[in-house]
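2 protein chains.
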Amino acid sequence: MTYDLWYWPSIPGRGEFVRVALEAASIAYRDCARERGAEALLADMQARAPHAPFAPPYLVAGDLVIAQTAHILAWLGDRHELAPKDETGMLWTIQVQLTISDIVAEAHSVHHPVDAADYYSGQKVEARRAAKAFREARMPKFLKWFEAAIDESGWVAGDGWGHADTSLFQLIEGLRYAYPKRMAALEGDFPRLIALHDRVARLPGIAAYCASDRRLPFNEDGIFRHYPELDGE
Amino acid sequence: MTYDLWYWPSIPGRGEFVRVALEAASIAYRDCARERGAEALLADMQARAPHAPFAPPYLVAGDLVIAQTAHILAWLGDRHELAPKDETGMLWTIQVQLTISDIVAEAHSVHHPVDAADYYSGQKVEARRAAKAFREARMPKFLKWFEAAIDESGWVAGDGWGHADTSLFQLIEGLRYAYPKRMAALEGDFPRLIALHDRVARLPGIAAYCASDRRLPFNEDGIFRHYPELDGE
Numbered sequence: 001m002t003y004d005l006w007y008w009p010s011i012p013g014r015g016e017f018v019r020v021a022l023e024a025a026s027i028a029y030r031d032c033a034r035e036r037g038a039e040a041l042l043a044d045m046q047a048r049a050p051h052a053p054f055a056p057p058y059l060v061a062g063d064l065v066i067a068q069t070a071h072i073l074a075w076l077g078d079r080h081e082l083a084p085k086d087e088t089g090m091l092w093t094i095q096v097q098l099t100i101s102d103i104v105a106e107a108h109s110v111h112h113p114v115d116a117a118d119y120y121s122g123q124k125v126e127a128r129r130a131a132k133a134f135r136e137a138r139m140p141k142f143l144k145w146f147e148a149a150i151d152e153s154g155w156v157a158g159d160g161w162g163h164a165d166t167s168l169f170q171l172i173e174g175l176r177y178a179y180p181k182r183m184a185a186l187e188g189d190f191p192r193l194i195a196l197h198d199r200v201a202r203l204p205g206i207a208a209y210c211a212s213d214r215r216l217p218f219n220e221d222g223i224f225r226h227y228p229e230l231d232g233e
Numbered sequence: 001m002t003y004d005l006w007y008w009p010s011i012p013g014r015g016e017f018v019r020v021a022l023e024a025a026s027i028a029y030r031d032c033a034r035e036r037g038a039e040a041l042l043a044d045m046q047a048r049a050p051h052a053p054f055a056p057p058y059l060v061a062g063d064l065v066i067a068q069t070a071h072i073l074a075w076l077g078d079r080h081e082l083a084p085k086d087e088t089g090m091l092w093t094i095q096v097q098l099t100i101s102d103i104v105a106e107a108h109s110v111h112h113p114v115d116a117a118d119y120y121s122g123q124k125v126e127a128r129r130a131a132k133a134f135r136e137a138r139m140p141k142f143l144k145w146f147e148a149a150i151d152e153s154g155w156v157a158g159d160g161w162g163h164a165d166t167s168l169f170q171l172i173e174g175l176r177y178a179y180p181k182r183m184a185a186l187e188g189d190f191p192r193l194i195a196l197h198d199r200v201a202r203l204p205g206i207a208a209y210c211a212s213d214r215r216l217p218f219n220e221d222g223i224f225r226h227y228p229e230l231d232g233e
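Read top to bottom, the protein sequences are chains A and B.
Going by the numbering used here, the first sequence opens with residue 1, and the numbers climb by one from there.
Going by the numbering used here, the second sequence opens with residue 1, and the numbers climb by one from there.
Isolated chain A, as found in the complex (with noise of 0.2 Å):
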């Protein structure tokens, strides 16, 4: 079956997480928005009432439709074995999954602390003092608990990549291209992290993705975006 993933065409977002997974594990997609339009997407997501998602992205497979970034990999994760089939290592790479929206959460809130559907521009003063928060007490904290939850393997659980290991590397990436002051200050301090990421770029499937331009590069319409002002060591 080819799934069909609907998502904002002109930013990674959260469809990207959902992306590098489908990407590592060569399933099949359709890219529903990126062919057409943003317009078709909202259609879309209105027919699909009254199980309308509400946001996406959403993956529509059959006559399934599931929404919720965290949901649609724990899906596809259980369906094409992208996590652990043991229990302990399938709920825990879910939770690994569900921290990871978490604070993809907080970093889209550093940019709009006061009011989602304002511009960045009409909150830059909340945003840097948002940022100054996140930098210094947020990114550790999260970065320290993903660091502890790889084990000895190298990656979240078991003996290969799953859904959790692939949103870890996007997680870098955004972290990356959102704080490089801040990201070359802390990336020493968690090397198990850094390793997954740059073994999980290492991956058939996401450095064929990556050369290719169905990545799409990350802007300042999206959830990592990166203002100077926002950075620092």
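Misleading hints may appear alongside valid ones.
Which copy is meant is left open, so a pair is good if it fits within one copy or across any two.
35 Å max Cα-Cα, derived DSBU-like pairs, lysine-lysine [to be verified]:
hint, residue 1, residue 2
1, K181, K144
2, K132, K181
3, K85, K144
4, K181, K85
5, K144, K124
None of these hints come from the bench; they were simulated from the model.
Given the coordinates of chain A, assemble chain B onto it according to the supplied hints.
Structure of chain B alone, referenced to chain A:
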């Protein structure tokens, strides 16, 4: 098996979403930190390394340790039939649960928009602006979506209550506590949601729980806080 639930002992917070599901289904659990204190919670969390949860709540079921509210509820839902068995209904219930997690996180960010580690008193000006956006845009958007998520049966999915229904009950309780004026103005637009809330309140397990001293009152250390300056029609 009697489960061990660990959560901060002085607030309803995210732990309460787990408690209401357990209580509605009369599932035996120990509320460990209420018996043993917050220091015991922190010690227990650390002792779970290398799989220490990032944050409470977490549920211990024999050898399994499950953190993240929606993840705990999805697992309980599967094990105790608190969600439909069919894949569509089961996945939809989890999707609704994850969307509840999103509004809960936003409700917390309202009173801590720029620094989760600082006191509310240190970010009151920013909180006032965040509250306006939450009341005027985010609350109606989420509530409209939850209203549409409820099917003909009056529940989120299937013929009886499930874990998304008890969570919607708790969400409405929290929003009423934090934003009584705004909820009074909005509730008339969401009759299915309010009817669902009332139906959950009448479940024998919930009625008994809410009348007991196990039910913690909302307060200004939790997620749903009543600051009159943040409320408004």
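Do the hints match the structure? See the list:
no.: 1; hint: K181 / K144; verdict: within (18 Å within a copy, 41 Å between copies)
no.: 2; hint: K132 / K181; verdict: both (13 Å within a copy, 34 Å between copies)
no.: 3; hint: K85 / K144; verdict: within (26 Å within a copy, 38 Å between copies)
no.: 4; hint: K181 / K85; verdict: neither (39 Å within a copy, 49 Å between copies)
no.: 5; hint: K144 / K124; verdict: both (28 Å within a copy, 30 Å between copies)
Checked against the numbered hints given earlier, the structure breaks only hint 4 and satisfies all the rest.
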